[in-house]
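All chains, full assembly: derive it from the sequences and hints.
In this note's numbering, the protein residues as written are 575 to 769.
One should not assume that every hint holds.
[What the hints assert, rightly or not] Mimicking SDA-like on lysine to any residue, the simulated pairs with C-alpha atoms at most 25 angstroms apart in a straight line are:
#: 1; residue 1: K653; residue 2: A640
#: 2; residue 1: K653; residue 2: N717
#: 3; residue 1: K650; residue 2: G614
#: 4; residue 1: K653; residue 2: T695
#: 5; residue 1: K653; residue 2: S621
#: 6; residue 1: K654; residue 2: T753
#: 7; residue 1: K653; residue 2: S714
#: 8; residue 1: K654; residue 2: T636
#: 9; residue 1: K650; residue 2: N629
#: 10; residue 1: K732; residue 2: D656
#: 11; residue 1: K653; residue 2: D637
#: 12; residue 1: K732; residue 2: A710
#: 13; residue 1: K732; residue 2: S612
#: 14; residue 1: K643; residue 2: C619
#: 15; residue 1: K605; residue 2: A710
#: 16; residue 1: K605; residue 2: S622
#: 17; residue 1: K643; residue 2: T740
#: 18; residue 1: K643; residue 2: D684
#: 19; residue 1: K732; residue 2: G682
#: 20; residue 1: K650; residue 2: V635
#: 21; residue 1: K605; residue 2: S751
#: 22; residue 1: K654; residue 2: D760
#: 23; residue 1: K732; residue 2: F749
#: 24; residue 1: K605; residue 2: A615
#: 25; residue 1: K654; residue 2: G686
#: 26; residue 1: K732; residue 2: F748
#: 27; residue 1: K654; residue 2: F750
#: 28; residue 1: K643; residue 2: G682
#: 29; residue 1: K605; residue 2: D760
#: 30; residue 1: K605; residue 2: G687
#: 31; residue 1: K650; residue 2: G633
#: 32; residue 1: K654; residue 2: E683
#: 33; residue 1: K605; residue 2: K650
#: 34; residue 1: K650; residue 2: G687
These aren't lab readings, by the way, just hints derived from the structure by calculation.
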Amino acid sequence: MGIKRQLAIGAGVLASLLLAPTAAHAAPAGKHCVVSASTGAAMVCYSSFRTAISNASGGRVTDAPADAKVALNDQKFAKKLDDLPSARSNAPTAAAASNIIISIEYTGEDFGGSSLTVTGTHACDNALSPVEFTLASMPSGWNDDIESFRAFANCAAKHFLHIGATGPFNDNAFFFSRTEFESWLDDEVSSIAWT
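In structure tokens form, the structure reads like this:
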């Protein structure tokens, strides 16, 4: 094998190694993913926001707006998500075992871009302590990619710069919703806690 061919192969391998982390960093455009903050189950992604919400709610919310941004400005939709904990006691057994939607995270400001729906096993209480749910690290493709969010089921969220719910966090407080983060945290969220 000639030196030029070896160099070309080496350059191709090096380029693929250098580009891989960048490609893995960004959440897939137009994807709507669901992850549990309770069970540690693998994240599942869908091409449809409506399908993601239907699966995250155990089939109890099947009429979510098709557009994820429209959904977060729809008060009827928000009420359905907030009411999931009380609706669970009246649901069929399969739905009763499903999770509660505690937050929807977005890759864009003002609830735009791809969405990550986070579920938990129950609604949050009104106390700031103890923390009820934690994503100690963001799922694959979501680290350093969150720009806005809205919480549900009486949960408020705190977004952290580092994994393990450590380091600086948004405005030193829990919030129910943010249309954007401070510039130092925008596209830099590595973990989230809910209370």
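Hints and how they fare:
Restraint check for K653 and A640: satisfied, since their Cα atoms lie roughly 17 angstroms apart, inside the 25 angstroms limit. Distance restraint check for K653 and N717: the Cα-Cα separation of roughly 29 angstroms exceeds the 25 angstroms cut-off, and the hinted pair is therefore not satisfied. Using a Cα cut-off of 25 angstroms, the hinted pair K650 and G614 is violated, with the two alpha carbons roughly 30 angstroms apart. Simply put, K653 and T695 have alpha-carbon atoms about 18 angstroms apart, close enough for the 25 angstroms limit, and the pair holds.
Annotation: proposed proximity of K653 to S621 holds, straight-line Cα distance about 24 angstroms (limit 25 angstroms). Pair hint K654 plus T753 holds up; C-alpha atoms about 21 angstroms apart against a cutoff of 25 angstroms. For a cut-off of 25 angstroms, the pair hint linking K653 to S714 is broken: about 30 angstroms separates their Cα positions. Annotation: proposed proximity of K654 to T636 holds, straight-line Cα distance about 10 angstroms (limit 25 angstroms).
Distance restraint check for K650 and N629: the Cα-Cα separation of roughly 19 angstroms lies within the 25 angstroms cut-off, and the hinted pair is therefore satisfied. For the suggested pair K732 and D656, the alpha carbons sit about 18 angstroms apart, so the restraint of at most 25 angstroms is met. Between K653 and D637, the direct Cα distance comes to roughly 13 angstroms. Compliance with the 25 angstroms bound is thereby established for this hinted pair. Annotation: proposed proximity of K732 to A710 holds, straight-line Cα distance about 12 angstroms (limit 25 angstroms).
Straight-line distance between C-alpha atoms of K732 and S612 comes to about 17 angstroms, which keeps the hinted pair within the 25 angstroms bound. Taken as a hint, the K643 and C619 pair is honoured in the structure, with Cα atoms around 17 angstroms apart against an allowance of 25 angstroms. For the hint linking K605 to A710, the alpha-carbon distance of about 22 angstroms falls within 25 angstroms, and the restraint holds. For the suggested pair K605 and S622, the alpha carbons sit about 7 angstroms apart, so the restraint of at most 25 angstroms is met.
The straight-line distance between the Cα atoms of K643 and T740 is roughly 29 angstroms, outside the 25 angstroms bound, and the hint therefore fails. Annotation: proposed proximity of K643 to D684 holds, straight-line Cα distance about 7 angstroms (limit 25 angstroms). A threshold of 25 angstroms between alpha carbons decides the hint, and for K732 with G682 the separation of about 18 angstroms falls inside it, so the pair holds. Distance check on the hinted pair: K650 and V635 sit about 11 angstroms apart at the alpha-carbon level, within 25 angstroms; holds.
Between K605 and S751 the alpha-carbon distance is near 21 angstroms, which keeps this suggested pair within the 25 angstroms criterion. At roughly 29 angstroms between alpha-carbon atoms, K654 and D760 are farther apart than 25 angstroms, so this suggested pair is violated. Distance check on the hinted pair: K732 and F749 sit about 6 angstroms apart at the alpha-carbon level, within 25 angstroms; holds. As the CA atoms of K605 and A615 are separated by approximately 18 angstroms, the hinted pair is consistent with the 25 angstroms bound.
A C-alpha spacing of about 20 angstroms is found between K654 and G686, which places the hinted pair at or below 25 angstroms, so the restraint holds. Distance restraint check for K732 and F748: the Cα-Cα separation of roughly 5 angstroms lies within the 25 angstroms cut-off, and the hinted pair is therefore satisfied. At most 25 angstroms may separate the alpha-carbon atoms for a hinted pair to count; K654 and F750 meet this at roughly 16 angstroms. Taking the CA atoms of K643 and G682, the gap is about 10 angstroms. The hint holds against a cut of 25 angstroms.
At most 25 angstroms may separate the alpha-carbon atoms for a hinted pair to count; K605 and D760 meet this at roughly 20 angstroms. A distance of roughly 8 angstroms separates the Cα atoms of K605 and G687; the hinted pair therefore holds under the 25 angstroms criterion. Annotation: proposed proximity of K650 to G633 holds, straight-line Cα distance about 17 angstroms (limit 25 angstroms). Annotation: proposed proximity of K654 to E683 holds, straight-line Cα distance about 23 angstroms (limit 25 angstroms).
Straight-line distance between C-alpha atoms of K605 and K650 comes to about 23 angstroms, which keeps the hinted pair within the 25 angstroms bound. In summary, the hint linking K650 to G687 is supported, as the alpha carbons are separated by about 21 angstroms, within the 25 angstroms threshold.
Violation of the numbered hints given earlier is confined to hints 2, 3, 7, 17 and 22; the remaining hints are satisfied by the structure.
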